[in-house]
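J.: Here is what each chain is made of, one letter per residue.
2 protein chains.
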Amino acid sequence: MKQLDVCLTPDLLHLHSLDNSIVVVADIFRATSCMVTGLAYGIESITPVATIEECKALQLKGYLAAAERNALKVEGFDLDNSPFSYMSESLIGSQVAMTTTNGTLSISKAKAGAVKVMVGAFLNLGALANQLRAEQYDILVLCAGWKGRPNLEDTLFAGALAEALKDEFMLMEDSVLMAQRLYNQGKNNLPAFVANSSHVRRLQRLGIQKDITYSLQTDLYDVVPVLRGSKLVAHH
Amino acid sequence: MKQLDVCLTPDLLHLHSLDNSIVVVADIFRATSCMVTGLAYGIESITPVATIEECKALQLKGYLAAAERNALKVEGFDLDNSPFSYMSESLIGSQVAMTTTNGTLSISKAKAGAVKVMVGAFLNLGALANQLRAEQYDILVLCAGWKGRPNLEDTLFAGALAEALKDEFMLMEDSVLMAQRLYNQGKNNLPAFVANSSHVRRLQRLGIQKDITYSLQTDLYDVVPVLRGSKLVAHH
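Note that the protein sequences, when read in sequence, are chains W and Z. Heads up: the first sequence at position 10 corresponds to 10 in the numbering used here, and the numbers run straight through without jumps. Heads up: the second sequence at position 68 corresponds to 68 in the numbering used here, and the numbers run straight through without jumps.
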């Protein structure tokens, strides 16, 4: 039977063998919620890059540049890290280069060893689960966390995916059990359950409660972003 | 106000500044439960060491040697890693050198930067909480985990300590919130809550269910092991 495991932060990725695994990267507030939204609204590809400089270099080649550091937009870039910025008709068919504090770094790390890299969010939870059921590989959910530390919202997403796939995958390790139990504890009111988390407090100070509420909605889109080469593209 | 935080595994300790913190190391199954039991029963000191070789070297100097690797006793050593082995009258006044897969390594790591290192278990939870209330420092609970990965039982202990100290300490970070919520979810029946964890399954195969049940009991002892130089000694 296939196994589903969770890595609570990219700083623990060295403990996992990825040889036979699909890695699902989750950065719920807000990188992977933006990616799912953008691809659902018709962006052609999103290229995750690790640094501001790489992002600027792609901007010079005609990409739209999206950058966030410490939850703030970066000067001179086309897009910020709010999912609502990714709903514009003007973005249809565009190529986006994106760098964020945690999410894009996790994707880079995952790319090094995994069979395949996908992007997850509550927004595409059901579609992602269906896609993963059809694959023959183990799954590692890589929570992007915050600067190396685990965070609540990404852990909850991992738990939600584990709960959705528990009949088809073995849940063996304690990290996935903890994520699953936290999700079951909070699932009836996720916004209330994350209200005291460190990241939510950080974001609320920036006045972006609506991004939080939006990103905790389940199954708005059926798109699954998959990494092909250096680009995330939509798998419907 | 003082802060209490949790580090879910020693592999994340680099993310924490220990300058102003007391580190409480927890390795519930079974190193820190053994330490608390042994000091409560009259062992004079326990010297945690990282390697089997260091432990043997101290054995030659007259220490009793305790070693565990992968949950098994090591050939030629005086004590194993079952808390019941630490209840013998013959141990009163003795010096013990101990090495275990996870717990003693965590103590070594903590020693490098912390103001003070204490040892926690469910067995001494209340005494430990009282001691920490009287201190002026922040607290970091360092969960020993299993070979770098977070585990359920140590996380639950961290949550129990956070719950006990929530009125006197700020609980700011997501790791401590997750631990606290898991503890509150499981506290009415901890043995059932940990029954599916990876470590419990590992230990059950070795036939040591009684160690598990014992180690999940709260407030059997009022001893708080504190590191003085290289030795853990009892603080009553």
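Since the hints were made in silico from the structure, they are not lab data. Any given hint could turn out to be false.
It does not matter which identical chain is used: a pair holds within one copy or between any two.
[To be verified] Lysine-lysine pairs mimicking DSBU-like chemistry, simulated, CA-CA at most 30 Å apart: (1) 61 <-> 2; (2) 187 <-> 231; (3) 166 <-> 187; (4) 116 <-> 61; (5) 73 <-> 2.
J.: Quick check: which numbered hints come out false for this structure?
T.: 1, 2 and 5
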